[in-house]
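Novice: Sequence:
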Amino acid sequence: MAGAIEHLSPSPFTVSDAGQIVFDAPSVSRGKHTLLEMQLVTARGRIAARNRQALYFFPHLDALSLKLHAPEHADALRDMGCSVVEDAAQADVIVVGKMTDAWRDYLLAGGRVLWLAETNDAQ
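All residue numbers for the sequence shown refer to the numbering used here, where the first residue is 17 and numbers rise by one.
No lab work stands behind these hints: they were computed from the structure. Note that beta-carbon positions come from the ideal geometry of N, C-alpha and C, so glycine has one too. One thing to keep in mind: the hints can contain errors.
Okay, the calculated beta carbon distance ranges per label pair [what the hints assert, rightly or not]: (1) 53 with 80: 29 to 37 Å; (2) 34 with 78: 31 to 39 Å; (3) 63 with 125: 54 to 62 Å; (4) 92 with 47: 15 to 23 Å; (5) 17 with 123: 37 to 45 Å; (6) 125 with 35: 44 to 52 Å; (7) 124 with 64: 52 to 60 Å; (8) 33 with 106: 42 to 50 Å; (9) 32 with 72: 26 to 34 Å.
Let's have the full structure, built from the sequences with the hints guiding it.
Specialist: Next up, the structure:
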């Protein structure tokens with residue numbers, strides 16, 4: 017796969033928005049690791065900058081059969097085909113972005129909690 021973003025005018029010694037790279041992820045039967053290699057080429061054809069970004073592709077899996085309670089992530093999980101319940105008591109697993117005292121107590125009492133600590137105030 018190859019492509020180009022043309023007609024750029026980046027200023028020297030700055031960070032410039034060059035646009036977006038968009039593509040459909042390939043269908044794979046096993047996990048695959050690949051590299052996206054990018055080059056900034058001058059009008060004279062010389063490489064001014066280059067970078068690489070690791071990409072990982074995984075096969076599509078059927079949705080989990082678990083019932084999830086996920087107040088912060090319910091829409092995304094439903095979009096992936098997961099079963100999301102409103103009542104935490106009906107859930108097999110609680111999915112949270114912030115570990116509160118209440119969820120910590122639930123976990124210590126034997127409940128199952130998946131903690132997605134993605135922010136600085138996640139605990």
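Novice: Against this structure, judge whether each hint is valid.
Specialist: Okay, the hints, checked on the actual structure:
The hinted range of 29 to 37 Å is satisfied by residue 53 and residue 80, whose Cβ atoms lie roughly 35 Å apart. Judged by the Cβ atoms, the range 31 to 39 Å given for residue 34 and residue 78 holds: they are separated by roughly 38 Å. Roughly 59 Å separates the CB atoms of residue 63 and residue 125, a value that falls within the hinted 54 to 62 Å. Hint check: residue 92 to residue 47, Cβ distance near 21 Å, so the stated range 15 to 23 Å holds.
The given range of 37 to 45 Å is respected by residue 17 and residue 123, whose C-beta atoms sit roughly 44 Å from each other. Restraint check, residue 125 to residue 35: a C-beta distance of roughly 50 Å satisfies the suggested window 44 to 52 Å. Evaluation of the 52 to 60 Å hint for residue 124 and residue 64 yields a pass: the beta carbon distance comes to about 55 Å. Separated by about 46 Å at the C-beta atoms, residue 33 and residue 106 satisfy the suggested range of 42 to 50 Å.
Restraint check, residue 32 to residue 72: a C-beta distance of roughly 27 Å satisfies the suggested window 26 to 34 Å.
Hint compliance for this structure: no hint is broken.
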